[in-house]
Structure formats: structure tokens, C-alpha cells
Amino acid sequence: MRLLLYTGKGGVGKTTTAAATGMLAARRGRRVLVISADAAHSLGDVLCERLSGEPRRLAPGFDALEVDARQVVESHWGRVRAYLVDLLRYQGIDEVIAEELALLPGAEELATLVCVEEWACSGDYDLIIVDCAPTGSTLRLVTLPEVAHGSLRWLLRLQRAAAYVIEPIARGLVGAPIPTGEVFAEADRLFYGTLHRLRARLLSKETSIRIVVTPESMAIDEARRSLTDLCLFQLASDAVIINRMLPAEACREVFFQEWGRMQVERKREVEETFAPLRCLVAPLAEDEILGVEALAEHGEILFGELDPSSCLSESPRLRFERDKAGARVRLPLPGLDRETLDVTRVEDELIIGVAGRRRKIALPAGFSKLDIETVVCRGEELIVSFGARGVDGSTGASQ
Amino acid sequence: MRVLLHTGKGGVGKTTLALATALGAARHGHRVCVLSTDPAHSLGDALGERVGPNPKRIADGVYAREIRAQVELDRAWQSIQNWLRELLREEADELVAEELLAFPGIEELVALRAVHEVEETGDFDVCVVDCAPTGSTMRMLRFPDALRIFMQHFFAIERKGARLLRPLVRGFEAGRLIPREDFFDAFERLYLEIEDVRQVLLDGERTTARLVVNPTKVIVDETRRSFAYLSLYGIATDSVLVNRVMPESVGGGYFSRWLELEREALDVIVESFPVPIRRVSLRPREVIGTEALEELALELFGDLDPATRFESSRPIRIRREAGRTRLEIDLPGITKEEIDVVAKGADLHLRVRDARRMISLPESVVGRPIERVRLRPPVLEIIFGE
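Chains as they are written, first to last, in this note's numbering: chain A, 1067 to 1465; chain B, 39 to 424.
No lab work stands behind these hints, which were simulated from the structure alone. Any given hint might turn out to be false.
Lysine to aspartate or glutamate pairs mimicking EDC-like chemistry, simulated, CA-CA at most 16 angstroms apart [stated by the list, open to error]:
id, chain 1, residue 1, chain 2, residue 2
1, A, Lys1271, A, Asp1192
2, B, Lys255, A, Asp1111
3, A, Lys1333, B, Glu309
4, A, Lys1271, A, Glu1380
5, B, Lys255, A, Glu1415
6, A, Lys1435, A, Glu1415
7, B, Lys255, A, Asp1353
8, A, Lys1271, A, Asp1304
9, A, Lys1435, A, Glu1380
10, B, Lys94, A, Asp1111
11, A, Lys1435, B, Glu110
12, B, Lys255, B, Glu324
Go ahead and model the full structure; you've got the sequences and the hints to work with.
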């Protein structure tokens, strides 16, 4: 089973690209499911079909669904939710409003994860493609299992212990309903079970993330930051898709000549910035790409001879590490000439200069207060170590 | 202080137009603060210079700030954070506690609080907010309502409970779970701040939303629904900004089909939104940096002050006619099947697609039956009987 997540800034064409990938793979014999995870679903619009929370067959080997957070929460979070609704109603809140409130923050992300894991386990599909919400939410989505695994699990354990101790006392004093063991058991199943499995799946080789950009600097800037964030959580990306390149014919239009020239520059920038990730290019079509046939054609143009479900390239192994000994950034830099290396930190970005070419790496939040301590090259890897909290400002070091 | 919320589907140019609006307003003499509440910030990308969590001067009279939950939490909510840290003490190191604090819901809270902070300083006449794409923005706007209900019904009890329980569980593992008084104090302060923001957001004279669209069917459809949700939550939209309209010089050729689709979308825009529409054309190059943004502002607003309230009608209106009271609400792009109305006591329960809200009814109609519900697009009319 292969899992592909399509992410990128809003409006770059994630949905179209994800659906086109799926249709092409189905046409080439795979059993494919495309899942829309964006609460503002547009997968149905692109496919010109009405979709629901259950897979719908739209072409041989091609199914699609739009995650219905309410429905998933109802079936997997029912007891916890029922408890919350009880509690709210006990407070004299109207049931309708109580149900609304019981849709906890994060419920949408959670619902998507549960839905993906469920279908991944079903054995019905060779390839599952997730069309994610714009960048911010995607990150929230992919990091949720990580966060939940780390801290919620501990919180839940404590809460449960507390409920057993406090319940008999509290019921008398406060009078409010107290969660029962069953409520916690359900939370356990969800966090220990489903999310734990999904976390393993996201980190395994079967999962790749594909970043969609348009050849415009704002989309590229955002993609660059999300690559760093994805690396932080050790999620592997295998390709960048440059969408809506103006074809030569379109550039004949006077108004678009400058756009055309700039796009060529931006494309080169993407190829350099994201190397060694493979870059695929999709031209701006002459018409909207709607419906399964048009999408499959678009997939052919995008992938050509390539297998859309294969791992298209190895992810750059940029890594952020943080432990008791300190914090480090590790970046593979094959063929590095030490003499030309220059590393500086400017606010929350690490700037690595090699032979006059500079690469900016957005540092994760936890690094922003640290100063560079040492910069060493071990084998073909650059290791930048950060020391204790320093004063603000930029610090330079090179070796 | 005037608050201008910019929202819309992802990628339509919210950040670009929010910045253009801010720069335009500064030209009219306003002191402006631009806040980005989208966790995937792009103010810096559009300006071509770095913007961070501290206000940064980007032009005469204009400051910009990208809200980062982490920084705000460090800054303002020590006691709440300390409680969480204590709770997680044994197994979690600092990093995990930080991760927990970046949990969904916190971002909305932090964003709203930032608006409050700008107001509190008294240094600004206009606060331009560059919001996250529609879905998250709706979550943000719904947040104060939810928090208010929570506070009214729970807070007193929680606090009382904590007071009573604390002596009983002292020394037990579970004792750590019960927050100290200063946690509740901090929480209450926070609530009062959010309540302030709620008042500001619901005041149509101070706060209006600007919906940014591109002339594309899918985007227009989604934006109509956003308009309806904003109305439902009581937020007044005072204009729709159409970005990236093809310039007249594009004659067709490769783009002839796109031009056709664009004309259709523009027609729908004009028909569906009951507020003024402003347009700005696709530029011959990327719009990056203050100079290009100011140029854009000029095309968008001409000589008008961008901080003007372009539409004064409220999203929810009470009208009286021939002895009958009628409640009107603007809901473009919504069909009758997607609406559910029930009057309960002093409230009207209104559901629009998957969003619900309780609207307080004026005293004159409390207890009266709903006689008729009529949809005259884009207006939903609820007529109360005698």
C-alpha cells in the first residue's frame, strides 16, 4: 500500500494534481482511493461528481471520498462526545449547541487521520492519495499523531488516574457528570491504536509527500518553509510539482511575456532549492481540467513514462535533532569544499553558503533562541550544533 | 479603531490585498497595523522583507506583525503554561509541552487576543487582519461564542470544584491536576479580553470583512458560502474584492476559453453579493514589495479611503412592516434545504449548512411564533406572527 499526501499553498492546484495522479494510476491498473481532507472540499467540483464520506467509484479502479468530520467523530469518538454533550446539557446548554461545542478543536484533522488509517488497513487499495488543506493545516494534520503520541497519551493517563481518585469525591461536591472508564477506553483506542499505527505509517517508506507549487515566489517561499517543517517531523517528500507553467503558445500574448520569462527563472529556483527532489512540470491548460477523462489526460502530461505511485526521488535528509546534549541541524552536502563554506543564523533562518551559492533553511520554533556553537563536516554531512540560549541577534561561525 | 478582516479561499491574494489596503489607508493619514493570523504567514513574502512576531515598520504609518502562537504564549500566558508544564513534568521535556501548546484551538485564541492587543495600545486607527483561508477563519470567528458559553456555564463550577478538591487530594498524584488560583485568574483575564474582541468583531461600525475572490467559478461558489457564514456569525461584509481580473489587453488566443469563464464568473459575482464589488487586474509581474503594493491599492480604491465602510447595511436586520416583525439575514449561495430555523425562548436557532448559531431575538418578538420563512436570494426572511 502506498500513501501519497499532496500539499502546498492555497490555490496552487493541489486537488487537480492529486486527482490527476489518482486517475492516471487507476488507468495503469492500480486500485486507487483519493481522499479530500480540506474541510472546504473541492475534489467533488474537480471530478464533477457529488462525493460523501464513503468511497464512490468514478472510473475503473478509481474511488474518491470527502472526509465528513461529523460522521467520523460520531463513529470513533461517540462515547467521548456523548459524555461532553451530557456535561454541557447538565450545565443547561441546549442540545444542539452542546453538540456543536463537542466538536473539539482539531476534530477535523483527527477525522481525516482516522479515515486514512481505516482505508489504508482495509486492503481494498494499492494507492491512497490525500488532498490536504493548505499548508498550515497540512502540517497540523501530519504532526497531530506525533503530538498526540507524545503528550496527550500522558495527559490521558493522568486524567484517568485522577478520575478514579476524584470521581467519588467530586460527584458529591460538584454534582457534574464525571467521565467513566469507557470514555477513557475510547480515547485510548483512538490515540494509542489508530493514531499510533498511522504515525508509523507516515514515517515508513510507503508514504511520500508531494509539494505542489506554481512558478511564483510567494508559493515557492511557502513550499520551502514547509519542506523544512516536514523534515523536522521526518516526513519524506519525493517530488515537487510545478503547476500552471505558461506554455510557449500562451507567452505569445504580449501581456504574459514577462510572466513567461519570470516563470522560467522561478522554475530554475525550484529545481535548485528542492534538489535532490524530482521536479515535475504541468503546463497551464487551455481550459479548466474537469472530470475523470480530462484528469487522466492531465496525469499523462505530468508523469509521462513515470509511474505516478512510485517513489520519485529520495528525500533530502535534512534533519533537526534536539535532545539533552543540545540541538543540531544535519544536512547532507555531497562534494562539499570546506573552504567555501559559510554558515550564519539570521533570526529564525540558517543560511548555508557553499561556493557563493546560498541556501536558506527555516529553523524550527525550538531553535530560534539558540546560538550556533560549532559547524563541522563529518563525511559528506554538515552538522551545525546549537548551544544554550543566547542573546538575540545573529551569530556567525564557520570552520 | 477600525478592523478590516481579509479572508477568502487559499491563494486568491488575501495577503497582497490586505497589505495594499493597509498602505492605501496610511496614505489617507491613518496609523495602520497589519496582523497576519494565518499560521502559514506570507506577509514577509509579499513585502519581500522579513516580518516577525514583533511589530515591524514597513512604511510611513504602517506596522506589520505575524502572530506566532508560540511566541505569544511565552509572552502572555505564563501561569496557564506553568500549570501545563507542571502537569506534564515527569515524562515530558520542554519541547513536548511546547508542542502541546501549539494544539488546534490555541491559534484561534492567540489571533483574537492579538487584535485586542492592537486596540489596547491605542497607537492605531486601523487594524488590517490577513486571515487564514476561509475554513480556519470561520473557526476563529466562532471561537468567542464557544468560549463564552463555556465560561458562563463551567467556569464558576470548575473554580469552585478546584477549591473544594484541592485540600482533599493534596499529596496524591492527582493533586497535580487541580490548577492553582492564579491559573483561573489568568484564564478569566484571557476570557475578558476575548469577550472584548467579540464585541469589536460584532460591531459593524468598527469591524467589517472583505472577501477576496478571483473570477473563477469554484472560488466564487465557495466565497458565497463564506459570505453566508460571516452573516450568520453576525460579521458585516462591506465589500468583495475581485483580484486578478485579466486586463483588457489580453485579446484571446490561448486565453480565449479562460476569458469566457471569467466573464461568467464576474456575472455571478455581481449578481450574488449584496455589497459593493471592487476589482483589480492581473499585473504584468509579481506584486512584491511596498511600491508594487501601493500601485495596486491605487487601482483598487482610487481616491477612496480604504478604511471607509463601503456598505452600512447589517448582515442581520430587524424590520417592522404592517404590524409584522421580520428578521432578515444575507445568505448568498445558500438553498432553502440548507437552512433550518427554530425559535426557542428568547433565541432564534439558525442552521446554515453545517454551521449553527443562536441569535438573540428582540424583546418584541420573544414568544411569538414564526409565521413564515422565505428565501429571496440572497436574503432569508423570517416573519413573526402577531
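Outcome of the hint check:
{"no.": "1", "hint": "A/Lys1271 with A/Asp1192", "verdict": "holds, 14 angstroms"}
{"no.": "2", "hint": "B/Lys255 with A/Asp1111", "verdict": "holds, 10 angstroms"}
{"no.": "3", "hint": "A/Lys1333 with B/Glu309", "verdict": "violated, 39 angstroms"}
{"no.": "4", "hint": "A/Lys1271 with A/Glu1380", "verdict": "holds, 10 angstroms"}
{"no.": "5", "hint": "B/Lys255 with A/Glu1415", "verdict": "violated, 39 angstroms"}
{"no.": "6", "hint": "A/Lys1435 with A/Glu1415", "verdict": "holds, 11 angstroms"}
{"no.": "7", "hint": "B/Lys255 with A/Asp1353", "verdict": "holds, 13 angstroms"}
{"no.": "8", "hint": "A/Lys1271 with A/Asp1304", "verdict": "holds, 11 angstroms"}
{"no.": "9", "hint": "A/Lys1435 with A/Glu1380", "verdict": "violated, 31 angstroms"}
{"no.": "10", "hint": "B/Lys94 with A/Asp1111", "verdict": "violated, 41 angstroms"}
{"no.": "11", "hint": "A/Lys1435 with B/Glu110", "verdict": "holds, 15 angstroms"}
{"no.": "12", "hint": "B/Lys255 with B/Glu324", "verdict": "violated, 23 angstroms"}
Figure legend: structure checked against the earlier numbered hints; hints not met, in rising order: 3, 5, 9, 10 and 12.
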